[in-house]
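Trainee: In case you want the letters, here they are:
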Amino acid sequence: MPQRTAQEKRKIRILVAKPGLDGHDRGVLVLARAFRDAGMEVIYIGLLPTPEEVARMAVDEDVDVVALSLLNGAHMTAFPQVKRLLDKYGGKDIIVTGGGIIPDEDKPKLLKLGISGLYGPGTSLEEIITHIKGRVRKERWGE
Amino acid sequence: MHTFIRNPAGALPAMLSSAKDQYWGAKAKEVSAKRKKTAAVFDRRTLRDMKAGYDRWLNEVYSPWVAGAPETKERFETASGVSLKPVYTPEDIASLSQSDLALPGVYPYTRGVYPSMYRGRQWTMRMFSGFGTPEDTNKRLKLLLEHGETGLSVAFDMPTLYGVDCDSQKAHGEVGRCGVNVSSLRDMEAIFDGIPLDKVSTSMTINAPAAILTAMYAGVAKGRGIPLQSLKGTVQADMLKEFIAQKEWVYPPEAHLRIVRDMMLYCTKHMPQWNYVSISGYHIREAGSSAVQELAFTLADGFGHVELGIEAGLQVDDFAPRLSFFFNSTMDFFEEIAKFRAARRIWATVLRERYGAKKARSLLMRFHTQTSGASLTWQQPYNNVVRTALEALAAVLGGTQSLHTNSYDEAMALPTEHAVQVALRTQQIIAEETGVTSVMDPLGGSYYVEWLTDKLEEEAYRYFDRIERAGGILGAIKSGYLQREIAENAYRLSKRVESGEDAVVGVNKYTAKEEARITTLKIDFKAQRRQIERIRKVKSQRDDRKVKTLLEKLRKAYEDPKANSMYPLLDAVSAYATLGELVGVGKEIFGGWKEPVLV
Numbered sequence: 009m010p011q012r013t014a015q016e017k018r019k020i021r022i023l024v025a026k027p028g029l030d031g032h033d034r035g036v037l038v039l040a041r042a043f044r045d046a047g048m049e050v051i052y053i054g055l056l057p058t059p060e061e062v063a064r065m066a067v068d069e070d071v072d073v074v075a076l077s078l079l080n081g082a083h084m085t086a087f088p089q090v091k092r093l094l095d096k097y098g099g100k101d102i103i104v105t106g107g108g109i110i111p112d113e114d115k116p117k118l119l120k121l122g123i124s125g126l127y128g129p130g131t132s133l134e135e136i137i138t139h140i141k142g143r144v145r146k147e148r149w150g151e
Numbered sequence: 003m004h005t006f007i008r009n010p011a012g013a014l015p016a017m018l019s020s021a022k023d024q025y026w027g028a029k030a031k032e033v034s035a036k037r038k039k040t041a042a043v044f045d046r047r048t049l050r051d052m053k054a055g056y057d058r059w060l061n062e063v064y065s066p067w068v069a070g071a072p073e074t075k076e077r078f079e080t081a082s083g084v085s086l087k088p089v090y091t092p093e094d095i096a097s098l099s100q101s102d103l104a105l106p107g108v109y110p111y112t113r114g115v116y117p118s119m120y121r122g123r124q125w126t127m128r129m130f131s132g133f134g135t136p137e138d139t140n141k142r143l144k145l146l147l148e149h150g151e152t153g154l155s156v157a158f159d160m161p162t163l164y165g166v167d168c169d170s171q172k173a174h175g176e177v178g179r180c181g182v183n184v185s186s187l188r189d190m191e192a193i194f195d196g197i198p199l200d201k202v203s204t205s206m207t208i209n210a211p212a213a214i215l216t217a218m219y220a221g222v223a224k225g226r227g228i229p230l231q232s233l234k235g236t237v238q239a240d241m242l243k244e245f246i247a248q249k250e251w252v253y254p255p256e257a258h259l260r261i262v263r264d265m266m267l268y269c270t271k272h273m274p275q276w277n278y279v280s281i282s283g284y285h286i287r288e289a290g291s292s293a294v295q296e297l298a299f300t301l302a303d304g305f306g307h308v309e310l311g312i313e314a315g316l317q318v319d320d321f322a323p324r325l326s327f328f329f330n331s332t333m334d335f336f337e338e339i340a341k342f343r344a345a346r347r348i349w350a351t352v353l354r355e356r357y358g359a360k361k362a363r364s365l366l367m368r369f370h371t372q373t374s375g376a377s378l379t380w381q382q383p384y385n386n387v388v389r390t391a392l393e394a395l396a397a398v399l400g401g402t403q404s405l406h407t408n409s410y411d412e413a414m415a416l417p418t419e420h421a422v423q424v425a426l427r428t429q430q431i432i433a434e435e436t437g438v439t440s441v442m443d444p445l446g447g448s449y450y451v452e453w454l455t456d457k458l459e460e461e462a463y464r465y466f467d468r469i470e471r472a473g474g475i476l477g478a479i480k481s482g483y484l485q486r487e488i489a490e491n492a493y494r495l496s497k498r499v500e501s502g503e504d505a506v507v508g509v510n511k512y513t514a515k516e517e518a519r520i521t522t523l524k525i526d527f528k529a530q531r532r533q534i535e536r537i538r539k540v541k542s543q544r545d546d547r548k549v550k551t552l553l554e555k556l557r558k559a560y561e562d563p564k565a566n567s568m569y570p571l572l573d574a575v576s577a578y579a580t581l582g583e584l585v586g587v588g589k590e591i592f593g594g595w596k597e598p599v600l601v
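Protein chains in written order, with our numbering: chain A, 9 to 151; chain B, 3 to 601.
Derived from the structure by calculation, the hints contain no laboratory data. For clarity, every value in this text was computed on a predicted model and none was experimentally measured. Treat the hints with caution; some may be incorrect.
Said to hold, decoys possible - Covered stretches of chain B, going by a simulated chain A footprint (3 or more residues, C-beta under 8 Å):
1. 10-21
2. 162-173
3. 210-216
4. 285-294
5. 594-600
To be verified - With the C-beta cut set under 7 Å, the calculated list includes, among others, these residues of chain B facing chain A:
6. Glu176
7. Arg179
8. Cys180
9. Glu250
10. Ala492
11. Tyr493
12. Val509
13. Thr522
14. Lys548
15. Thr551
Glycine residues also receive a C-beta, built at the ideal position from the N, C-alpha and C atoms.
Start from the sequences, fold in the hints, and give me the full structure.
Mentor: Put into structure tokens, the structure is as follows:
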């Protein structure tokens with residue numbers, strides 16, 4: 009991997025993914041562009057990756073954040089799985105956020121695993137970006 | 003090394019190519035030029051007087067008023083970005099010809115496909131449902147029939163949509179989540195247990211494995227001694243829109259089109275009341291396109307299917323009547339109505355002019371409409387009841403043949419029974435209480451709606467021309483042109499909501515701190531467990547040797563571009579070959595698909 013300059017290090021590297029059988033990519037495509045416009049380095053893994061592939065790519069690409077989206081109801085299995093595999097492959101400190109169609113009662117369990125955000129349709133892009141930047145500053149940059 | 007079959011259908015049509023006659027480009031120019039002419043149906047002198055009157059009003063009444071009391075926006079436009087005047091007058095529709103104004107049931111059907119529309123028969127209230135185990139869905143379907151619903155519509159879970167068995171690792175956590183799970187004929191038997199298949203019409207939202215599910219439905223009927231000729235229903239099976247928008251595929255586009263071709267040929271012969279393709283703009287819209295894009299891409303998709311049928315050797319009049327459409331209805335009320343009207347006109351015109359259809363039935367664009375899921379918000383969920391009602395009204399004023407209304411809780415979870423009932427009641431109130439069904443195409447003749455209908459028609463032809471130049475519908479999919487156009491618009495819309503330019507009540511305007519808590523439907527892992535038990539039982543009880551032989555026959559059919567794979571499919575399904583096994587055979591022959599990079 010090429011060395012990044014000090015300034016580039018300040019660019020948030022983010023992997024955007026839908027870990028499962030779900031083709032609803034409107035949200036992730038919009039987010040990928042919005043993250044890029046907000047100055048982040050965005051990697052979009054493409055459709056239908058397994059949690060395994062997402063975790064491996066996140067570690068290989070040395071990202072700060074993995075942003076997950078699912079609208080198929082499988083978030084309670086797929087999100088924790090990605091988190092578990094990240095831990096396993098040495099990406100314990102990678103921040104995981106999620107969004108999609110997520111019922112309120114599912115949120116505490118995900119938050120406990122460190123999967124934050126959990127935004128539904130209609131959330132403003134700014135709110136999501138602020139949340140991610142906030143976590144990166146605190147947890148990755150120690151600000 | 004194994005090589006996949008690249009042209010599983012033999013030659014595929016170029017789809018929208020008009021190399022010889024430049025049809026699309028010429029048509030786009032013709033439609034544009036027509037707008038500048040004055041048609042003979044209007045009295046020129048009256049028009050001139052009215053134009054003078056309008057100019058006077060603009061200068062002497064409107065402009066001074068606005069100068070004193072500025073309007074809320076500098077520029078007014080539709081959701082698609084069509085610029086709007088403050089008011090429309092006869093001058094704006096002076097180019098309408100007698101044919102454009104043709105009455106309901108008369109070519110080009112702008113005002114409706116049937117001569118009496120809802121005066122004769124209400125639209126079909128078709129609520130999409132399905133979740134959990136086949137038994138859960140069977141109960142919900144029976145409940146809807148009791149509540150006066152007239153057509154069944156089944157939603158499947160993601161493993162089924164992607165052709166994966168419930169016991170596969172890939173299906174873990176997804177079984178029965180956003181629809182019912184079907185892994186073998188046994189599940190289909192349970193879903194339709196006690197439902198008279200020869201009396202109801204069933205719509206199944208299934209695409210990549212549509213041929214398999216059609217075979218299973220036929221298998222249930224066969225088992226009960228119901229003749230296939232009496233089966234009424236629709237499978238979506240629109241793979242072009244999968245590659246454009248919904249993105250649930252298994253094989254490369256050519257392989258899916260070949261299987262659709264086989265289904266077209268089989269059903270035309272054996273299941274004459276089965277609509278084997280429902281050309282779907284719904285998902286194209288939900289993925290973020292504009293009304294203009296939904297209109298243009300969906301019709302282009304439809305023309306692609308017409309060319310597929312013709313290439314397969316069918317006469318256009320033998321299969322075009324079986325093609326039906328599926329549209330979205332969302333919040334820009336008049337633009338949606340104009341979209342439906344323009345769609346009917348374009349379809350009839352092109353089918354007659356370009357594809358040589360002669361039967362009136364071939365020219366009729368019959369469509370199902372669903373209100374927009376993407377327009378619903380999780381903030382202040384009861385507001386969604388109102389959104390859905392307005393969208394449903396637009397669909398009815400646009401002349402839909404059937405309608406699904408979304409439930410207010412769908413931005414959060416699968417709908418509860420209560421939410422589904424409110425959604426169905428919304429349709430019933432429109433049908434029974436508002437009186438909008440008494441007169442056909444009640445907005446026909448509205449200066450604005452007629453003008454907008456024309457405008458959308460014109461924009462659609464421009465897109466057809468662009469799609470042709472991008473390599474036809476198939477080429478435009480494979481290069482990612484259509485997907486990028488949609489993603490671009492989705493981003494534009496998000497930015498507009500973000501900046502407050504587009505208001506969404508409860509989201510960027512009139513927000514409330516305390517959100518109304520509603521009860522949502524819970525789905526546990528029970529469905530997954532029960533489905534896995536069932537597929538194991540099916541596999542232990544069936545004749546494995548027979549299944550193996552039949553799968554081999556299917557493989558042979560897939561390998562031969564001229565064979566019809568529906569016949570071996572029906573046999574294999576009836577011997578309880580599973581969905582995953584059947585799809586697996588195709589994967590070995592055709593391979594998978596990775597879409598071009600979009601961001």
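Trainee: Determine for every hint whether it applies to the structure shown.
Mentor: Verification of the hints:
For a cut-off of 8 Å, the count of residues in the segment 10-21 of chain B with a CB near a CB of chain A stands at 0, and the three-residue condition is violated. Evaluation of the coverage hint for the segment 162-173 of chain B: fulfilled, as 5 residues show C-beta separations to chain A shorter than 8 Å, against a requirement of three. Interface restraint, the segment 210-216 of chain B with chain A: violated (0 residues with C-beta to C-beta distance below 8 Å; minimum three). Counting residues of the segment 285-294 of chain B whose C-beta lies closer than 8 Å to any C-beta of chain A gives 3; at least three are required, and the coverage claim holds.
With a threshold of 8 Å between beta carbons, the proposed coverage of the segment 594-600 of chain B by chain A holds, since 4 of its residues qualify and at least three are required. Annotation: interface hint on Glu176 of chain B holds; nearest CB of chain A at approximately 4 Å, less than 7 Å. A least Cβ separation of about 3 Å between Arg179 of chain B and chain A falls short of the 7 Å threshold, and the interface hint therefore holds. A distance limit of 7 Å between C-beta atoms decides the matter here; for Cys180 of chain B the minimum to chain A is near 5 Å, and the interface restraint holds.
Annotation: Glu250 of chain B was flagged as interfacial toward chain A, and the flag holds, the nearest CB pair being 5 Å apart, inside 7 Å. The interface hint given for Ala492 of chain B holds, since its Cβ lies 5 Å from the closest Cβ of chain A, which is under the 7 Å cut-off. Taking 7 Å as the C-beta contact cut-off toward chain A, the hint placing Tyr493 of chain B at the interface holds, the least distance being around 5 Å. Interface restraint check: Val509 of chain B against chain A, minimum CB-CB distance 5 Å, threshold 7 Å, status holds.
With a least beta-carbon distance of about 5 Å to chain A, the hint placing Thr522 of chain B at the interface is held under the 7 Å criterion. The interface hint given for Lys548 of chain B is broken, as the beta carbon of that residue sits about 30 Å from the closest beta carbon of chain A, more than 7 Å. Of the supplied interface hints, the one on Thr551 of chain B is violated, with its beta-carbon coming no nearer than about 30 Å to a beta-carbon of chain A, more than 7 Å.
Violated hints for the displayed structure, listed by number in ascending order: 1, 3, 14 and 15.
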